[in-house]
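Engineer: Chain by chain, the residues run as shown.
2 protein chains.
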Amino acid sequence: MDSQAWASPWAGANWSPMGDYDERKYKWESHTFNKLWDMIPTGLTMELPTRAFFADPSELNDIPWKDLCRDFSIMENEPLPLNMKAGVRFTTVALAPASYLKWLKSELHSRGVKFIQQKLQSLQEAAVIGGPGCIIVNATALGARSLIGVEDTKCYPIRGQTTIVYAPQVKECIEVVSDLDATKGTGHATYIIPRVYPPGTVLLGGTFQPNNWDTSFDIPTAKGIFERCAAVEPALLSSETQILSYGIGLRPAREGGPRVEVEWIDVPGESELIPSRGSLGEKRKVKVVHAYGFGPAGYQSSWGAAEEAVQLLRSSEA
Amino acid sequence: MDSQAWASPWAGANWSPMGDYDERKYKWESHTFNKLWDMIPTGLTMELPTRAFFADPSELNDIPWKDLCRDFSIMENEPLPLNMKAGVRFTTVALAPASYLKWLKSELHSRGVKFIQQKLQSLQEAAVIGGPGCIIVNATALGARSLIGVEDTKCYPIRGQTTIVYAPQVKECIEVVSDLDATKGTGHATYIIPRVYPPGTVLLGGTFQPNNWDTSFDIPTAKGIFERCAAVEPALLSSETQILSYGIGLRPAREGGPRVEVEWIDVPGESELIPSRGSLGEKRKVKVVHAYGFGPAGYQSSWGAAEEAVQLLRSSEA
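Heads up: the sequence lines are chains A and B, in that order. According to the working numbering, the first sequence is numbered sequentially starting from 1. According to the working numbering, the second sequence is numbered sequentially starting from 1.
None of these hints come from the bench; they were simulated from the model. Each hint should be verified, as a subset may be incorrect.
Residues from chain A that keep clear of chain B, each with C-beta distances beyond 12 Å, as calculated [said to hold, decoys possible]:
#1 Thr42
#2 Ala86
#3 Ser146
#4 Ala222
#5 Ala231
#6 Val262
#7 Arg284
#8 Ser315
Covered stretches of chain B (chain A as the covering partner; in silico rule of three or more C-beta atoms under 8 Å from a C-beta of chain A) [as the list claims (entries may be wrong)]:
#9 98-104
#10 137-148
#11 211-221
#12 234-248
Please read all numbers here as calculations on a predicted model, not as lab measurements. Virtual Cβ for every residue (Gly too), placed ideally from N, Cα, C.
Turn these sequences into a full structure, and let the hints guide you.
Structural biologist: And the structure:
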């Protein structure tokens, strides 16, 4: 296997902020929420009623997205699962990667974007393909670690394993938010996400394992995921539930958070590591927009981060 | 990426025993040596003059393969690289995976073997494809860890990273044997293997990183590999040398060594983890020959282990 492992095709992918508040990141995510919400009539995204549980009630004190998501309320006098001490309800938005990515590609096609699929070892090779005056958008996710000329060793994977079941009786998303805290280090992340497509399918998660590159299917983990999900959603134990498939993906995280930034590079570069593949062309400067390292929040940052990338490009031209 | 990472296409692949002597394993490897040696006239394998270096001179005391390899001699009064304390010369045999695997496939084709490429999650699915009276050969390497019905958690990867260079001036294989000792835990493994094909190409290695599943290209590692190889083979520093490509593979190792064994299994199995994909057929017993877990010694064990698998099958019929 000589391609880089990645996560997008196996993502949940619900809009659901995680981790500490960061103003820039929140701007990306709220922009994206509004965009995805507006797309609901197209059928590419859907409203997703959600219950989220917390082990520490103080986590409820500061939920910046409570006015952005719809129908937000704190659960009162309701039974809570496991060791949970608080819960909230809200309605968010979700997409199904397979159909959504296909749509994205067709939109780009219709705007005249040409797709070239080719394995590159270095930024310089992209500059040769782009030619004089090109702009390179480096959205290589975990690949930024391996791309000669970027070599960003702050990038690291957070392994996720999931199970896709047919369970039409499960209509609501459930998240054990405290499980999604990477600093707690259990490696578990319990979530249940009904999918837009195919109808009746539900994604059960999962794991959150920093620096674990294992893209193989782990059987004990699959057992644990089903057990933890059924504990918070007993409807899964119905005989209607059928296992359809398993997914394993590496979320492309980065120490210090995502990198969205414009940089000028010299090509051809000086690195002696670039494989010989013919001429790298005349010496020149090339503009690169980096946009990678979104970890578990790729889809929900996407439209907002792209907007910022465009602004950075425009101001770099001024 | 939903397939299991593996190593065969990126292997050296020279015949070169490593680790402690084990009678059964040595039987596989010596059988395979003779087979590959006899194939030299076909051009699929080639004679490979080798120098191997040891940090501990006592490692020379017991080299069981010294009468099997050709032209074996202990180096006397020659300068030794780095911190090495002893060295030997011998001639062994090597193959180039791309052309060798293609030939193996064509041989099977010509014997009437049909190839079906399909992703299976369980042994049971293989039994359905094979039908009544079938024999399953489970040669799934690291996949044996993930295959429902096998679930062998003793399997683990040993990550290898290599660089392929064009360096026709390098004619001889060099191995720093002490670097190949997994118990030393440096993660480095220094070796230089001229390849049968394409002409003039040489594989530079490498790494030996147990339990590391990272299949991405690591740039600092690539620099280290070139430096370590050039230190033992200064001819690499010639301006003739060109980097052609990089390889990353996971050697399919197993605690306790390879598993070559016959087992009867019940199908359909009881596991609730098997994805629903139609009927799994009538209840019956199916014979499985396991052959996996060869770690860094897959090619050099192959013919001998296959021979033993056939014997095990024959005696299980008696």
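Engineer: Decide, hint by hint, whether the structure agrees.
Structural biologist: Now for the hints, and whether the structure bears them out:
Distance check for Thr42/A against chain B: the nearest CB is about 28 Å away, which clears 12 Å, and the non-interface claim stands. Non-interface status of Ala86/A relative to chain B is upheld: no Cβ of that chain comes within 12 Å, the nearest being about 33 Å off. Separation of Ser146/A from chain B is inadequate, the least Cβ-Cβ distance of about 4 Å not exceeding the 12 Å criterion. For Ala222/A, the requirement that its beta carbon stay farther than 12 Å from each beta carbon of chain B is not met, with the minimum near 6 Å.
The Cβ of Ala231/A lies farther than 12 Å from every Cβ of chain B, with a closest approach of about 16 Å, so its non-interface assignment holds. No beta-carbon of chain B is positioned within 12 Å of the beta-carbon of Val262/A; the least distance is around 23 Å. The beta carbon of Arg284/A is kept farther than 12 Å from every beta carbon of chain B, the shortest such distance being approximately 23 Å. For Ser315/A, the shortest C-beta to C-beta distance to chain B comes to about 31 Å, beyond the 12 Å cut-off, and the non-interface label holds.
Counting residues of the region 98-104 of chain B whose CB lies closer than 8 Å to any CB of chain A gives 0, so the stated coverage by that chain is violated, three being the minimum. Proximity of the region 137-148 of chain B to chain A, defined as three or more residues with a beta carbon under 8 Å from a beta carbon of that chain, is established by the 5 residues found. Under the rule that three or more residues need a Cβ within less than 8 Å of chain A, the assignment of the region 211-221 of chain B holds, with 9 such residues. Judged by the Cβ-Cβ criterion of 8 Å, the region 234-248 of chain B is covered by chain A as claimed, because 7 of its residues qualify and three suffice.
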